[in-house]
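Visitor: Throw the hints in and build the complete structure from the sequences for me.
Protein chains: 2
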Amino acid sequence: MRITPAEELAYRCKRLQHFMVEEGLDAVIMLQNADLFYFTGTIQAGNLYVPAEGEPLYMVRKDFMRARMECGLKEVVPFSSMKDLPALLAGYGYPVPARIGMELDVLPVNFFDRYQKVFPAARFSDATPSIRKVRMIKTHYEIHLLQDAANQVDKVNSRVKEVVREGMTDLELAAELEYTARREGHQGLVRMRAFNGEMVYAHVFSGPDTAVPAYLDTPLGGMGLNPSFGQGAGYNRIERNEPIIVDFAGSFDGYLVDQTRIFAIGGLSDKLKKGYEDMLKIQERMMALAPERPTWGRIYEECLDLAVELGYAESFMGRRGAQVSFIGHGLGIEIDEYPFLAKGFNDMTLEPGMVFAFEPKVVFPGEGAIGIENTFYLTESGLKQLTFSDQKLIIL
Amino acid sequence: MRITPAEELAYRCKRLQHFMVEEGLDAVIMLQNADLFYFTGTIQAGNLYVPAEGEPLYMVRKDFMRARMECGLKEVVPFSSMKDLPALLAGYGYPVPARIGMELDVLPVNFFDRYQKVFPAARFSDATPSIRKVRMIKTHYEIHLLQDAANQVDKVNSRVKEVVREGMTDLELAAELEYTARREGHQGLVRMRAFNGEMVYAHVFSGPDTAVPAYLDTPLGGMGLNPSFGQGAGYNRIERNEPIIVDFAGSFDGYLVDQTRIFAIGGLSDKLKKGYEDMLKIQERMMALAPERPTWGRIYEECLDLAVELGYAESFMGRRGAQVSFIGHGLGIEIDEYPFLAKGFNDMTLEPGMVFAFEPKVVFPGEGAIGIENTFYLTESGLKQLTFSDQKLIIL
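As you go down the protein sequences, you meet chains A and B in turn.
So the first sequence is numbered by the working numbering: it starts at 1082 and just counts up by one.
So the second sequence is numbered by the working numbering: it starts at 1082 and just counts up by one.
Any given hint could turn out to be false.
A pair holds if it fits inside one copy or across any two, identical chains being indistinguishable in the list.
[As the list claims (entries may be wrong)] Here are the simulated lysine-lysine pairs, DSBU-like style, with alpha carbons at most 35 angstroms apart: (1) Lys1164 <-> Lys1214; (2) Lys1164 <-> Lys1424; (3) Lys1465 <-> Lys1354; (4) Lys1198 <-> Lys1424; (5) Lys1424 <-> Lys1236; (6) Lys1352 <-> Lys1164; (7) Lys1198 <-> Lys1155; (8) Lys1198 <-> Lys1473; (9) Lys1164 <-> Lys1198; (10) Lys1155 <-> Lys1352; (11) Lys1465 <-> Lys1424.
FYI, nobody ran anything at the bench for these hints, they're computed from the structure.
Guide: What follows is the structure, given as C-alpha cells:
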C-alpha cells in the first residue's frame, strides 16, 4: 500500500493550474473518484477546490479522518453541505470564482444544477479535457505502480496453464483467475470513466463466444452470464482446438494495465494461427511508428491500413457490423484515459509519458477471435512495453 | 439465464406511462444501464424512447443483434447518431415531444446538452423519481430472481466455515467467497446508482478494521487494500475472539440481495454478544412495524429510538462522527433503490412489493463492529424474509 507523496500531488496540481490559466479558469471543482484519487491521493466523499493559483483545498464530508490519514495535501477540511462552500472558500481567502471548471463528462445534471445555484454569477465549463491532459502524462511514480500491475497480470497469465482444462466453463476459468488476481492485491473493480462504463477485470472467453460483440466499446465482448451483464465469461465450455482469450485488466494500488494472451488445448487452425501472426505484425508496425510521436489518429489509420492489406477489412476490431473504430486506449487509474488511438483523433500527438494499451484483434465468425494486447509507455528514449508475459500462442 | 418475458416488460412500461401522465411528460428517454435492463430486458448501447401512450422504441447503436436476441419489446431498431432521433421518431409516427423526462440524477451534463440541442423546443425534467417508483414495486418474476440470489448468498455464507482460519487476511477470505459466488453465477459487479457509487460484493473484514468508516455511504466501510479503493477487505489478519463481518451482496441474473452475518474464531466478549442480541431486537422491531405500512422515515426513527434506548446513541450505524442516517435500503438491480429507510423520508410509505435490506449495526471503536443484515419484502399478507442463512452468531 502506497500513500501518494505530497510532492507528487503538488506537481500534478501545478500542471493542472497551467492548463487552467490557458483556459481562463479561476477554479476547478472536482468530485469524481478517479480524479480525486489522482489529485488528493485518496477518495473520500467531498469536493476538491483547485484555484488557478495557490493551494488546493480538499473539503471532505466522509470520511474526514481517513482523508487526513491518506491525503498529502496541506489543506484538508471537514464540510457538511455544499451551501457552505462560498463561506468556506472566503475563509481561506480565495476570491469568488467567475469561471469554474467541473467534470461535465461525468457530473450528473442534478449535481451540476446545485453548483450553479451556489455560484449563480459564475460561468461553468468542462474541466475534463484539462484534467485528462494532466493525467495522460504519467510520472515515474505512476510507472512503478503500473509495473506492479504488470507483474500481477503476468502471475494471472501463468496461472491459466495450471487450471485450464477441457470441459470447464469460461466462467470457471475466469473465477480462478480473478481469485489469483485478488490474492495478488487486485482491488476487485476496474474504473471506466465513460457514462454507463462497467467492466469486469477477467474478460475470458473461448471458441465461438470470443466472436460475440457486446454493448461495451471493445472489439470482443463476450456473452457474459445473462442479459443484465452481457460481457465477459459465460457458461460456454472450453473445447479442444479453439482459442481461449484471456484479456485481463490487472490492478495494483489503483493503477491498471491491460493484457491479452491466447491459449488453446490441442492446437489452432492455420487460419487462426496466421491471424495471430498478423496481429503481431500490426503490433510491430505500431511499435515502429510510436517513437515518431505521430497523432493518435495516425496510429489507428496506419494499423487499420495494414489490417486491410492483410485481408481483415471486415473482421478487424470486431465482427462485421460491430467493428469498433479504435485500436488502443490510454489507461492508468481508469481503463479509458487519453490517448485514444482511434479514428479522427488527428490533433493530439503521442508524447513521452503516455501509457496505452494496444490491442489488434480479429474476428472469424463461427470460429472465434484472436489477437494480442499489451500496455506500453513512450519515453524520451523510445517505446517500452509494460506487460511482459510470453507473446507466443500458448498451446496446451 | 433468463430472458425477461415480453408481458413483464409491457406491464412495467404501462406502469411508467401511468406516472408519466401524472407528471405531464410526453416522453421519457432512457439511457442508463440498470433502467435499460429493467425496461428492455437487455443492456445495449442505445436509447429507449417511451411515449406517454403507445409502444416503447429501443434504438440500439451496439449491439443490435444482441438486442434483438435478448429484448422482448416489439420495436427494436438500429441507430447510429443522436441527430437521427427526431427523424426516427417521426418515422414511427410519434409526435415531437414537448415535455421530456430523462434520468437527470445520473445523466452527465455533456450528454444532456446534446439532447437539449436535438429537441430545442422541449422542456426537460427528471424522470428518475417516476422510474424509481415503478422499479420499487417488485413483480413475482423479480421475487424469483431475488430468491435465486438469496440461495447464492447462503452458499457463500456456508463456505465461510470451511475456509476461515486464524492468521489469514481479510482479503484472502474475501477472495475465497468471491470465488464461490462467481461459480454460483454472480456477475462480478454490484450496480450502485449514486454518482461515484462503486462497491465490491464481498464486504469482509475483521477485528478493529470492522469499525473503520469509509467514503461509501455504509455504516461499516472497511479499510480496503489501498487509498484508491478504501472499502471492503484489507490486509488485516483474522485473529481469535474478534468479530468477522461477512456482508455480501449476492447477485443472480441481474438481481441483488444483501446479507450480513458475524463469525468468530474462539468467542466474542459479552459486550459484543449483547450488541448482537440488541441488533436482533431492532430487526424484530422493524419486522413488527413493517406490515403496518409506515413511512420509510418512521421505520428509521423508531429503530433509532430503540437503539438509543439500548445505549447506542453514539455508536449505532457507524463510528461517532461518521454515523449514517439510514438503517436500510431498497435493492433489486441496484443496491440503492427505493425505499430509503432513512431520516427525513416521511412522505413515502412502505407498500406491498417493496424489497429492502435492513442492516442494524453498531460500532465499538477499538473492538470492532457487529450487526445483522437481511433482505425482506412486504406482501399483502405480511413481511417475508428473502435471505435465510442461520441468524445465530457463528462461533468456530
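Visitor: Next step is simple, just say for each hint if it's right about the structure.
Guide: Outcome of the hint check:
{"no.": "1", "hint": "Lys1164 <-> Lys1214", "in the structure": "both (30 angstroms within a copy, 29 angstroms between copies)"}
{"no.": "2", "hint": "Lys1164 <-> Lys1424", "in the structure": "between (43 angstroms within a copy, 20 angstroms between copies)"}
{"no.": "3", "hint": "Lys1465 <-> Lys1354", "in the structure": "within (26 angstroms within a copy, 57 angstroms between copies)"}
{"no.": "4", "hint": "Lys1198 <-> Lys1424", "in the structure": "between (39 angstroms within a copy, 25 angstroms between copies)"}
{"no.": "5", "hint": "Lys1424 <-> Lys1236", "in the structure": "within (34 angstroms within a copy, 47 angstroms between copies)"}
{"no.": "6", "hint": "Lys1352 <-> Lys1164", "in the structure": "neither (64 angstroms within a copy, 41 angstroms between copies)"}
{"no.": "7", "hint": "Lys1198 <-> Lys1155", "in the structure": "within (28 angstroms within a copy, 42 angstroms between copies)"}
{"no.": "8", "hint": "Lys1198 <-> Lys1473", "in the structure": "neither (58 angstroms within a copy, 50 angstroms between copies)"}
{"no.": "9", "hint": "Lys1164 <-> Lys1198", "in the structure": "both (9 angstroms within a copy, 30 angstroms between copies)"}
{"no.": "10", "hint": "Lys1155 <-> Lys1352", "in the structure": "neither (59 angstroms within a copy, 40 angstroms between copies)"}
{"no.": "11", "hint": "Lys1465 <-> Lys1424", "in the structure": "within (24 angstroms within a copy, 54 angstroms between copies)"}
The structure does not agree with the numbered hints 6, 8 and 10 stated previously, though it agrees with the rest.
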